[in-house]
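Q: Sequence:
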Amino acid sequence: MNFIGTPLWGLNNLVTLLQVKSDENSGVTVIIPAFRSENVIIRALNSALNQTSQPDEIIVVDDASDDQTVSIVREFSKSCPKLRLVVNTENEGPGRSRNTAWQLATTEFVAFLDADDTWQPEKLQIQLEWFKNNQDAMICGTMHQIINEPATKIIGEPVSAFDVKDLLRRNRFTTPSAMLRRNIPVRFDNKLRLAEDYLLWMEIAATYGSVNRINQSLTILHKPIFGASGLSSKMFPMYIGELKAIKALASKGHISRTRFINCACWSTLKLVRRTPTSILRNLRWRFKSV
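Numbering that gives the first Met the number 0 numbers the first residue of the sequence shown as 0 and each following residue consecutively.
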């Protein structure tokens, strides 16, 4: 097993790659951005490795953590030849970190997993089989469940398609549920640190007609989306990020200014509606953690 430490000056002058290759190939690269993830990164890695359809490679991008995340991943890679580690020497945010790994990926598909979340074992297999039957599709998400809470049951179609108007009402799936074709030309907006995934889904829907979601809870979130500690639970910053995403969509000509204003008002109403639920979830989550 040989580690190669190579400065990626052409890609990012703040990145160093520790790379180990694997001969296996199922056509999927798992991309995991990590920041101060020393307590959860092994759980995420094991989740990716426990898939019934094994990924070809796993790329972890450490976003300048000041804990032991890098050393833990580096040690783990000694027994995992398909693991590649990228270390940002400055904090760049999850979107840019995912883009860095996306550019390094060599497989047909990329699948995103957050360092503090996990997957059901059959998640990648189900998505790969769906893509085989849907050759023109660009992206496929899944339903999710929050750890220790019942999974949401969808009555109706096994797969839902959402156009950009559907997404403007609300985001329809989480980042760690998404699998995309690697060669799709759009990427996460490097300027956004929140709601960058929401913007990407909307851009894909606006460009290709729709995004898709398998209506099975194949993704497991280890904290509520709203109302607990962690990146996804910062209510007001998420609201601002959502407004920036919708504004960016309008600036690229995908929606009109009138629709942007309507959507901004709708986002504000959603914030007001979610705030009491967020407070209750926060209290319940803290109580469980005691």
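Accuracy of the hints is not assured; some may be wrong.
[Claimed, not checked] PhoX-like, lysine-lysine: derived pairs with alpha carbons at most 20 angstroms apart:
#1 Lys164 / Lys152
#2 Lys222 / Lys233
#3 Lys243 / Lys269
#4 Lys246 / Lys269
[Claimed, not checked] The following label-pair restraints were derived from C-beta to C-beta distances:
#5 Lys77 / Lys246: 37 to 47 angstroms
#6 Lys77 / Phe235: 41 to 51 angstroms
#7 Lys77 / Gly252: 42 to 52 angstroms
#8 Ala160 / Arg186: 35 to 45 angstroms
#9 Thr51 / Pro157: 17 to 27 angstroms
#10 Ala150 / Ile183: 23 to 33 angstroms
#11 Glu156 / Tyr207: 11 to 21 angstroms
#12 Arg258 / Glu89: 13 to 23 angstroms
#13 Arg42 / Arg258: 38 to 48 angstroms
#14 Ala160 / Trp265: 35 to 45 angstroms
#15 Ile153 / Lys77: 37 to 47 angstroms
#16 Pro157 / Ala63: 32 to 42 angstroms
#17 Leu268 / Gly26: 37 to 47 angstroms
Keep in mind the hints are simulated off the structure, nothing from the lab.
Bear in mind that the values here come from a model prediction, so they are computed numbers and not experimental data.
Note that the Cβ used here is the ideal one computed from N, Cα and C, for glycine as well.
Q: Does 42 to 52 angstroms hold as the CB distance between Lys77 and Gly252, or does it fail?
A: 49 angstroms, holds
Q: Do Glu156 and Tyr207 keep their Cβ atoms within the hinted range of 11 to 21 angstroms?
A: This hint holds: roughly 19 angstroms between Cβ atoms.
Q: Does the Cβ distance between Ala160 and Arg186 fall inside 35 to 45 angstroms?
A: 22 angstroms, violated
Q: State, for the Cβ atoms of Ala150 and Ile183, whether the hinted interval 23 to 33 angstroms holds or is violated.
A: 29 angstroms, holds
Q: With 37 to 47 angstroms as the target window, see if Ile153 and Lys77 comply at their CB atoms.
A: 42 angstroms, holds
Q: Are the Cα atoms of Lys243 and Lys269 separated by 20 angstroms or less?
A: 15 angstroms, holds
Q: Taking 13 to 23 angstroms as the stated bounds, is the beta-carbon spacing between Arg258 and Glu89 within them?
A: With Cβ atoms ~36 angstroms apart, the hint is violated.
Q: Taking only the CA atoms, is the gap from Lys222 to Lys233 under or equal to 20 angstroms?
A: It holds: about 12 angstroms lies between the C-alpha atoms, which stays within 20 angstroms.
Q: Take a look at whether the Cβ-Cβ distance between Lys77 and Lys246 falls inside 37 to 47 angstroms.
A: 45 angstroms, holds
Q: Mind checking the hinted window 35 to 45 angstroms against the Cβ distance between Ala160 and Trp265?
A: 21 angstroms, violated
Q: Take a look at whether the Cβ-Cβ distance between Leu268 and Gly26 falls inside 37 to 47 angstroms.
A: 42 angstroms, holds
Q: Taken at face value, is the distance from the CA of Lys152 to the CA of Lys164 at most 20 angstroms?
A: 23 angstroms, violated
In this structure, the hints that do not hold are numbers 1, 8, 12, 14, in rising order.
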